[in-house]
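2 protein chains.
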Amino acid sequence: MSEPMFYVGLDVGGTTMKAAVVDDQGKPFPSVSLPTDAHLGQEHGLKTMAESIRLAIQTAGLGMDRIAAIGVATPGLMDIKLGLILEPPNLKPWRNVPVAQYVRQAFNKPVAFQNDANAAAFGEFWVGAGRDVSSMVLFTLGTGIGGGIIIGDRVIEGEHSHGGEIGHMRIDLPDRGRLCGCGRRGCLEAYASATAVVARTREAMAAYRGPTRMRELLRDEDGSELSAREVFESAAKGDHLAQEIVDDTAYYLALGATAMIATVDPQLIAYGGGMSEAGDVFLAKIREYVGRFGLSYPASKVQIHYAQLGSDAGFIGAAGCARQLVMSGS
Amino acid sequence: MSEPMFYVGLDVGGTTMKAAVVDDQGKPFPSVSLPTDAHLGQEHGLKTMAESIRLAIQTAGLGMDRIAAIGVATPGLMDIKLGLILEPPNLKPWRNVPVAQYVRQAFNKPVAFQNDANAAAFGEFWVGAGRDVSSMVLFTLGTGIGGGIIIGDRVIEGEHSHGGEIGHMRIDLPDRGRLCGCGRRGCLEAYASATAVVARTREAMAAYRGPTRMRELLRDEDGSELSAREVFESAAKGDHLAQEIVDDTAYYLALGATAMIATVDPQLIAYGGGMSEAGDVFLAKIREYVGRFGLSYPASKVQIHYAQLGSDAGFIGAAGCARQLVMSGS
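Same order as they appear, the protein sequences are chains A and B. 27 is the number of the first residue of the first sequence in this note's numbering; add one for each residue after it. 27 is the number of the first residue of the second sequence in this note's numbering; add one for each residue after it.
In case anyone wonders, no lab produced these hints; they're calculated from the structure. The C-beta atom is built at its ideal place from N, Cα and C for all residues, glycine as well. Heads up, some of the hints might be wrong.
[As the list claims (entries may be wrong)] Under the rule of at most 30 Å between Cα atoms (straight-line distance), these lysine-lysine pairs were calculated in the DSS-like manner:
(1) B:311 with B:263
(2) B:327 with B:311
(3) B:107 with B:135
(4) A:107 with B:327
(5) A:118 with A:135
(6) B:135 with B:263
(7) B:135 with B:73
(8) A:118 with B:311
(9) A:327 with B:53
(10) A:73 with A:53
(11) A:327 with B:327
(12) A:107 with A:53
[Said to hold, decoys possible] Computed Cβ-Cβ distance ranges for the label pairs, DEER-style:
(13) A:30 with B:30: 42 to 48 Å
(14) B:118 with A:118: 56 to 62 Å
(15) A:118 with B:317: 22 to 28 Å
(16) B:178 with A:228: 30 to 36 Å
(17) A:91 with B:122: 54 to 60 Å
(18) B:353 with A:228: 53 to 59 Å
(19) A:76 with B:209: 18 to 24 Å
Construct the entire structure; sequences and hints are all you get.
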């Protein structure tokens, strides 16, 4: 086998799944997307996964013999070791779906199975923001906060596939903190996800008597929800209330970062998702709070940056996990 | 080399250092203790380390040729990779002490260097509470809260040697939480270390008008500090105020545990130090709060136990790190 080998990465999301062939240096061929259509049932879901993988290989113009392994990333709840999707809330009504086994049999290739946020972290570690570090934590800010922890080339999967569920680290006491989507209180996600930023903004606007352009934004587009991006844009344009919200968001994210520093002490903490367009000012604020509230020595050393791969991180990371599977000889 | 080989573990503390030879199964020979006498300077300290190691080998009745490697555990601040003690607050006036290099040259053996709390966690993982698991977190409750995280046979050292500083995970916001010895607010250590338990008890007594035997304890031994052990004993004897303090302590420790579950999701969380004598009732309380406040699935699966090696965990773990160094062929 002197010819270079390739890997397929598939990232299954609640709405669409995205797949691409990735080369040994982490460079992807053009990706393909298919609707997940979870409501059509898990048999349909598994077939769509196989179809996405086939299309990705076709798109890359490669023969099946050039594919060394396949990586599949899916949302939790899952059992990573067994290769099962258990009962993910955003893939209803799927339950106990044998993803790894199905894909393995469909293609007769080694299959790596990973949580989608872990895969994104591994993608960033392999060829993105973390390509020059030996350990990193990725926070992905969206509807919720996903995350992944990579140490010495390995994803911290957790004994029960809950490693890196860092949106559910608590930053406030459970009897006092904000209510999280998980039903508990005080989780980081309830403060700093895009959804939480909007919720905090609406609360603040209700109590705020001063002028804020965000009121116009709400009035302009009747019925449509204010977006976290609009809050960040308003802050950049000098809106005081928005600036407070953004500052608080940096503070909350920094508390999550200091918790990671005191537990796994990574070389890099990276932020992905929509908010990563908030620019250097926002990162600088996070760094400032990390310096104030983190353990002095590691807080002064840790690198804090934005993620670099955008929504490609998942399938690139899945392909990277497949590559690691082959490299480690398992 | 058909004869079985042995490892020396040395655990350097603020007051004494303790060393013993440990066999390949983690069973220690009798240990030796020498005063650390940090105030006599670091040259003296390094010589005492070498002397402890020599005495331990002598005590085991073994020739130097039977020792495969030496492990040394010391308190932080340190640089684990470089084998340096930097400026540990309880080893004043030591500074930038080249421990690993010194011991390596003194004995001409491979030397593993590790943080003392990490070493204790590795000891428990190797032959103590964690001997049957593949990942664990140890909380050691004393003057402060030390800790260590072991995942898949490896100590999570951290990029800046601050991995497992889990006493400084925050459980409350930094503008509101209790003041910690580290100068920041809200750290777990400020709530649940033995010192913090006593501090919280004194505060509660000042505000409490009901009867409590802890007042007698304070009166009995004039000038002497109430101990965390006495608080736990009082609770076991039915003292209401003490029971509240103990219950709160379990709650705080559970918050630390749920943070570990959401980050590294270990198979086992173990508690060492004096409070581990508080018995099964205390552990049951911690488990109950973990079930209430942790991510449901992993919280229902994680094992929660006391540590088993007592104050031997440090040197046994240091020897275990030495063994791992040899096994991994580095």
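For each hint, the structure was consulted:
1. Taking the CA atoms of residue 311 of chain B and residue 263 of chain B, the gap is about 17 Å. The hint holds against a cut of 30 Å.
2. A C-alpha spacing of about 16 Å is found between residue 327 of chain B and residue 311 of chain B, which places the hinted pair at or below 30 Å, so the restraint holds.
3. Restraint check for residue 107 of chain B and residue 135 of chain B: satisfied, since their Cα atoms lie roughly 17 Å apart, inside the 30 Å limit.
4. The hinted pair formed by residue 107 of chain A and residue 327 of chain B meets the criterion: a straight-line CA distance of about 15 Å does not exceed 30 Å.
5. With a C-alpha separation of about 28 Å, the suggested pairing of residue 118 of chain A with residue 135 of chain A holds against the 30 Å cut-off.
6. For the given pair, residue 135 of chain B sits about 52 Å from residue 263 of chain B by alpha-carbon distance, which is inconsistent with the 30 Å threshold.
7. Using a Cα cut-off of 30 Å, the hinted pair residue 135 of chain B and residue 73 of chain B holds, with the two alpha carbons roughly 16 Å apart.
8. A threshold of 30 Å between alpha carbons decides the hint, and for residue 118 of chain A with residue 311 of chain B the separation of about 35 Å lies outside it, so the pair is violated.
9. Taken as a hint, the residue 327 of chain A and residue 53 of chain B pair is broken in the structure, with Cα atoms around 39 Å apart against an allowance of 30 Å.
10. For the given pair, residue 73 of chain A sits about 26 Å from residue 53 of chain A by alpha-carbon distance, which is consistent with the 30 Å threshold.
11. In summary, the hint linking residue 327 of chain A to residue 327 of chain B is not supported, as the alpha carbons are separated by about 35 Å, beyond the 30 Å threshold.
12. At most 30 Å may separate the alpha-carbon atoms for a hinted pair to count; residue 107 of chain A and residue 53 of chain A meet this at roughly 27 Å.
13. Remark: the range hint 42 to 48 Å for residue 30 of chain A to residue 30 of chain B is upheld by a beta-carbon distance near 47 Å.
14. Between residue 118 of chain B and residue 118 of chain A the beta carbon distance is about 60 Å. The supplied range of 56 to 62 Å therefore holds.
15. Checked against the given bound of 22 to 28 Å, the beta carbons of residue 118 of chain A and residue 317 of chain B, roughly 25 Å apart, stay inside it.
16. The supplied range of 30 to 36 Å is broken by residue 178 of chain B and residue 228 of chain A, whose beta-carbon atoms lie about 44 Å from each other.
17. The hinted window of 54 to 60 Å between residue 91 of chain A and residue 122 of chain B holds, with their beta carbons roughly 57 Å apart.
18. In this structure the supplied range 53 to 59 Å holds for residue 353 of chain B paired with residue 228 of chain A, their Cβ-Cβ distance being about 57 Å.
19. Between residue 76 of chain A and residue 209 of chain B the beta carbons are some 56 Å apart, a value that contradicts the proposed interval 18 to 24 Å.
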